[in-house]
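Peer 1: Here is how the chains run, residue by residue.
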Amino acid sequence: MSMEPMLSHLTTKRKIKVLVAKIGLDGHDRGAKVIARALRDAGFEVVYTGLRQTIDQVVIAAIQEDVDIIGVNQHEGSHIYIAKKLIEKLREYGAEDIPVVMGGSIPIVDVEVLKSIGVREVFLPGTPIKDIVEKLIRIAEERFSSKKI
Amino acid sequence: MAKLYSREALEEILKAYKYWEENILPQWLSRMPERQKEFTTLSGIQLKPFYTPADLSDFDYIEKLGVPGAYPFTRGIHATMYRARLWTMRMFSGYGGPEETNERLKMLIKAGETGLSLAFDNPTLVGIDPDDPLAEGAVGVVGVSVPTVVDMEIVFRDINMGEVTTNMTINPPAPVLLSFYVAVAEKQGVSYDNIGGTTQNDPLKEFIGQKTHVFPPEAAVKVAMDVIEWSVKNLPKWNPISISGYHIREAGATAVQELAFTLADGIEYVRQLIARGLDVDDFAPRLSFFFDSHINFFEEIAKFRAARRMWAKIMKEWFGAKKPRSWWMRFHVQTAGCSLYPQQPWLNIVRTAIEALAAVLGGCQSLHTNSFDEPFRVPSEFAAKIALRTQQIIAYETGVADVIDPLAGSYFVEWLTDEMEERAWRYIERIERMGGMLEAVKKGYPQREVEEAAYRFQREVEEGKRFIVGVNIFREEDVEEIRRVPLLEFNQEEVERRQKERVRKIRSMRDEVRWRNALEELRRAAERGDNIMPYVLKAVKAYATIGEIMGVLKDVYGTYVEPPYY
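As they're listed, the protein sequences go chains A and B. Be aware that the first sequence starts at 1, since it is given in my numbering, and climbs by one per residue. Be aware that the second sequence starts at 1, since it is given in my numbering, and climbs by one per residue.
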């Protein structure tokens, strides 16, 4: 993987800002931390929430930090439950324009379910970081261009 | 002195090696260059093309290996090893409520597993009740929900607790779950002398891996030592701690780090117990260990052998333990969950078999083999059975269990065992200079090391320096195969509803005064700094829930919040 910044082609001068979140009681943070580091090395600005966050805390952090993407790492099976609640809460706080992506130990049959709930992308274990980076850039660029501010 | 090779022999061998290097190898390399620029283990240890006695020039057989069942136990802790008794086949199991898990345990016993091992759900692991708002959506998901003694009783319905041994992967609430277990065993009529099993109860590794920590480091260690002290005095067959490298490894550590940090954790606990006034020979035989078995075959075998030798030395020479049993490192192994991938999922069966073989060649006392559906969900019955049968094939078909420590004497394996040991000692020395593992953990040192290693591994995979079949080589874009994996299905919402209802019912039916007094006594004992175990047991018998007991302890000891760095 190239760890050089990959954002030079971005239309905006601002770095893409990602909130890497651990929600609930799941302590598996290896993936979250590896992704946080990899995104940082790829030129993103990364905020990591730390463990055992509530959905409320994550939404508030996303709004306060003005992030472009929320990335939720989940390894303990509650991903559908958490995705529903998170998207609901974003709507409630008027922040539904912040795209949500997820990654972790997620059965493939749940990927469509998550997407139907409103999760933009789901990354399974073994996904090359390069692919994650490219997808996140595309998602952020779409958001920048639709925002037009 | 039992040096294996004479100076003359070594000179001859070196000469032959040099000849190979200068005259034979270059011709071959010019026609057939090596596949890779360098060959390294997962810990980054560089490997030579082949090994000779010259790599073991000072090798003293008696000092390094000896015989099985005798110091330094490199060849195994028992004189008979698997020729007398196979390792315990202990499948880590649990999902849903106690009813579902009881069924799963009975299925596994019927299928021939020889020990039980309970996986708890996240609310239980961090000691909250199923109706706690933080437990929402997580009840029964990654393990069984056991918030009260009543739930434990259901888990063991129709299972004689005097005839099985049970491992419980539980850490901050270990006093609570052990008390549930003891109370139910007592009710079944099993005497304390016959209650056998293990509580993981290893707080330091919680801060490095696993991360189901609740109390701050000092208090977490104090509570764990309470469990050990009480068990050593009351439950002669119980292993009150399983000093675990597994989660450290799964969090990204190398094999060397896993080895070093686990031993450093063990050293810290021995010191803590001695500081309480316990005699090392009274508790050392009850300490047990737990390692990962990853995919880099020889490195894992070398790690297991080095671990036994190092621990024997630590107990005998550092702590002056006198009983040979105090020098034993008894360990459980689990194959590496983090080595399994969703892509081409059936391949996980093969990976697990190879890892299990390494554990057996490394002389483990018990073994859990992961199911191939590990990357997706808690195992289905089908997948769990294949995993158990994998062990049975190794045990009964391959013949690898017929000779003790069969790889001993391999120039490569002995060299690698020495190398692992030496590298691990260097880490341990560094941790000693920091004031021991409790201090090192408070400073975030092992945490940092593990995170760096996790990231390094990921980069190596991405850069094509490490290969994973189906992931970065021999990929298939067809995801239909993944879809065909039959996953465990159960109604989680129903389980959660049932568990909430039960805990509420228990709260409403118990003797209020007895319950309140038990919790109050527990609080006072914790405040005084007494051993909390007798008080937790009393509270459990008064039907206090895990959340209530842990709530009292959190009030007294505080709660740990990990700083959000990466």
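Worth flagging that the hints you see were computed from the coordinates, not collected in a lab. Do not rely on the hints blindly, as some may be mistaken.
[As the list claims (entries may be wrong)] List of simulated lysine to aspartate or glutamate pairs, DMTMM-like, C-alpha gap at most 25 Å:
#, chain 1, residue 1, chain 2, residue 2
1, A, Lys84, B, Glu463
2, A, Lys17, A, Glu88
3, B, Lys465, A, Glu88
4, A, Lys135, B, Glu477
5, A, Lys89, B, Asp131
[Said to hold, decoys possible] Away from chain B, derived, C-beta distances all over 12 Å, residues of chain A:
#, residue
6, Asp29
7, Tyr93
8, Asp97
9, Ile108
10, Ser116
11, Gly118
12, Ile129
Backbone N, C-alpha and C define an ideal beta-carbon position, used for all residues, glycine too.
Peer 1: If a hint holds in the structure, say so; if it doesn't, say that too.
Peer 2: Results of checking the hints against the structure:
no., hint, verdict
1, Lys84/A x Glu463/B, "36 Å, violated"
2, Lys17/A x Glu88/A, "22 Å, holds"
3, Lys465/B x Glu88/A, "42 Å, violated"
4, Lys135/A x Glu477/B, "17 Å, holds"
5, Lys89/A x Asp131/B, "21 Å, holds"
6, Asp29, "6 Å, violated"
7, Tyr93, "19 Å, holds"
8, Asp97, "25 Å, holds"
9, Ile108, "5 Å, violated"
10, Ser116, "17 Å, holds"
11, Gly118, "17 Å, holds"
12, Ile129, "6 Å, violated"
Violated hints, listed in ascending order, are 1, 3, 6, 9 and 12; each of the other numbered hints is respected by the structure.
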